[in-house]
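Protein chains in written order, with my numbering: chain A, 1 to 109; chain B, 1 to 109; chain C, 1 to 109.
Derived by calculation from the structure, the hints in this document are not laboratory data.
It is possible that part of the hints are untrue.
Going by beta-carbon spacing under 8 Å, a handful of chain B positions derived as facing chain C [unchecked claim]:
id, residue
1, L3
2, S31
3, I45
4, G47
5, K52
6, D55
7, Q92
8, L101
9, P102
10, I103
11, A105
12, F106
13, H107
14, F109
Derived SDA-like pairs: lysine to any residue, alpha-carbon spacing no greater than 25 Å straight-line [what the hints assert, rightly or not]:
id, chain 1, residue 1, chain 2, residue 2
15, A, K61, C, M1
16, B, K11, A, S31
17, C, K65, C, F106
18, B, K61, A, E49
19, B, K65, A, D104
20, B, K61, A, D12
21, B, K52, B, M1
22, A, K11, C, F109
Simulated restraints, written as ranges between beta carbons of each label pair [unchecked claim]:
id, chain 1, residue 1, chain 2, residue 2, range
23, B, D55, C, Q92, 27 to 35 Å
24, A, D78, B, N14, 45 to 53 Å
25, A, K68, C, K11, 35 to 43 Å
26, C, A105, A, V91, 40 to 48 Å
27, B, E22, A, D58, 42 to 50 Å
28, A, K11, C, F106, 52 to 60 Å
29, A, N18, B, S79, 31 to 39 Å
30, C, V89, B, Y87, 19 to 27 Å
31, B, Q92, A, D50, 50 to 58 Å
32, C, Q92, B, K11, 28 to 36 Å
33, A, M71, C, E22, 42 to 50 Å
34, B, P102, C, Q23, 25 to 33 Å
Virtual Cβ for every residue (Gly too), placed ideally from N, Cα, C.
Listed below are the residues making up each chain.
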Amino acid sequence: MKLIIAIIQDKDSNRLSNAFIEQDIRATKLSSTGGFLRSGNSTFIIGVEDEKVADVMDLIKETSKTRKQFMAPPVNLDSPMEAAGAYPVEVQVGGATVFVLPIDAFHQF
Amino acid sequence: MKLIIAIIQDKDSNRLSNAFIEQDIRATKLSSTGGFLRSGNSTFIIGVEDEKVADVMDLIKETSKTRKQFMAPPVNLDSPMEAAGAYPVEVQVGGATVFVLPIDAFHQF
Amino acid sequence: MKLIIAIIQDKDSNRLSNAFIEQDIRATKLSSTGGFLRSGNSTFIIGVEDEKVADVMDLIKETSKTRKQFMAPPVNLDSPMEAAGAYPVEVQVGGATVFVLPIDAFHQF
Ligand code: NI
Ligand code: NI
Ligand code: NI
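Input sequences plus hints: build the corresponding full structure.
Structure, rendered in structure tokens:
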């Protein structure tokens, strides 16, 4: 068994939760408030057999990895008409930080 | 020293907290919101001497293990009188998932 | 890489967050509600290179260690004038519990 701790952006956490449920992977979500450096993140604790670690990595990568996304430009409240002809802006979203930890023992009661 | 991470149901967390206090075991409770597979759980982080790991396991097992419990049947709001003669139903409650982790160092400042 | 889990008092958590940002140390803050034995605490998860572990320890110690502090005495609401000439009281604040954990693997996606 390994304990995996994965920190991902809030916006990706529902998709990751659903992926874990579909694959029968036991995970618990902790609320990380006031996270900094990456505000608005979720921390998952996942217990898996050694041979499933790579599968969990793939799921996290697929649902949560850093990627570019086009967003509507922010509206200037002082002169909202200015944004009317503005182009969408490309921003970076997502990103996952993952630790795989050895464990001495695992119990279920 | 070991670091124990225990995920238990919310309904058992006060009893476990009290048991830890009585036994002078230092524990911190993290809020696990949106936990899935087991909704409504609490995650405890406990630091203990190697020789007390078994005691902590016993406390967790005693307060939080999976067990059967009789509950009043849910009331049917459309015809509430129907439940009047209904039998209590037996449901499964509790359950604990516990990881024991090795540590490289432990400090208190 | 090491994974550091640090439990500190809420009142010190902003200063520690700022210190981590200044030093380019990646940390995530979990909300620990209902923490007992030390109510009102914050739990930080920090991933660092082995050679920076000592620096992180220093930061935690500097911002969060147990210390004495003078506080205005609590006001007696029944006879508030009594406190007028009272001396400030010295109380103990702060304190950090820190675990350094080995990791098998670290990934960023
Ligand atoms: Ni294993
Ligand atoms: Ni030890
Ligand atoms: Ni290392």
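Results of checking the hints against the structure:
no. : hint                        : result
1   : L3                          : holds (5 Å)
2   : S31                         : holds (4 Å)
3   : I45                         : holds (7 Å)
4   : G47                         : holds (6 Å)
5   : K52                         : violated (15 Å)
6   : D55                         : violated (16 Å)
7   : Q92                         : violated (25 Å)
8   : L101                        : holds (6 Å)
9   : P102                        : holds (7 Å)
10  : I103                        : holds (5 Å)
11  : A105                        : holds (4 Å)
12  : F106                        : holds (6 Å)
13  : H107                        : holds (4 Å)
14  : F109                        : holds (4 Å)
15  : A:K61 to C:M1               : holds (20 Å)
16  : B:K11 to A:S31              : holds (19 Å)
17  : C:K65 to C:F106             : violated (29 Å)
18  : B:K61 to A:E49              : holds (22 Å)
19  : B:K65 to A:D104             : holds (21 Å)
20  : B:K61 to A:D12              : violated (34 Å)
21  : B:K52 to B:M1               : holds (9 Å)
22  : A:K11 to C:F109             : holds (15 Å)
23  : B:D55 to C:Q92: 27 to 35 Å  : holds (28 Å)
24  : A:D78 to B:N14: 45 to 53 Å  : holds (52 Å)
25  : A:K68 to C:K11: 35 to 43 Å  : holds (40 Å)
26  : C:A105 to A:V91: 40 to 48 Å : violated (29 Å)
27  : B:E22 to A:D58: 42 to 50 Å  : holds (44 Å)
28  : A:K11 to C:F106: 52 to 60 Å : violated (23 Å)
29  : A:N18 to B:S79: 31 to 39 Å  : holds (36 Å)
30  : C:V89 to B:Y87: 19 to 27 Å  : violated (59 Å)
31  : B:Q92 to A:D50: 50 to 58 Å  : violated (29 Å)
32  : C:Q92 to B:K11: 28 to 36 Å  : holds (34 Å)
33  : A:M71 to C:E22: 42 to 50 Å  : violated (29 Å)
34  : B:P102 to C:Q23: 25 to 33 Å : holds (27 Å)
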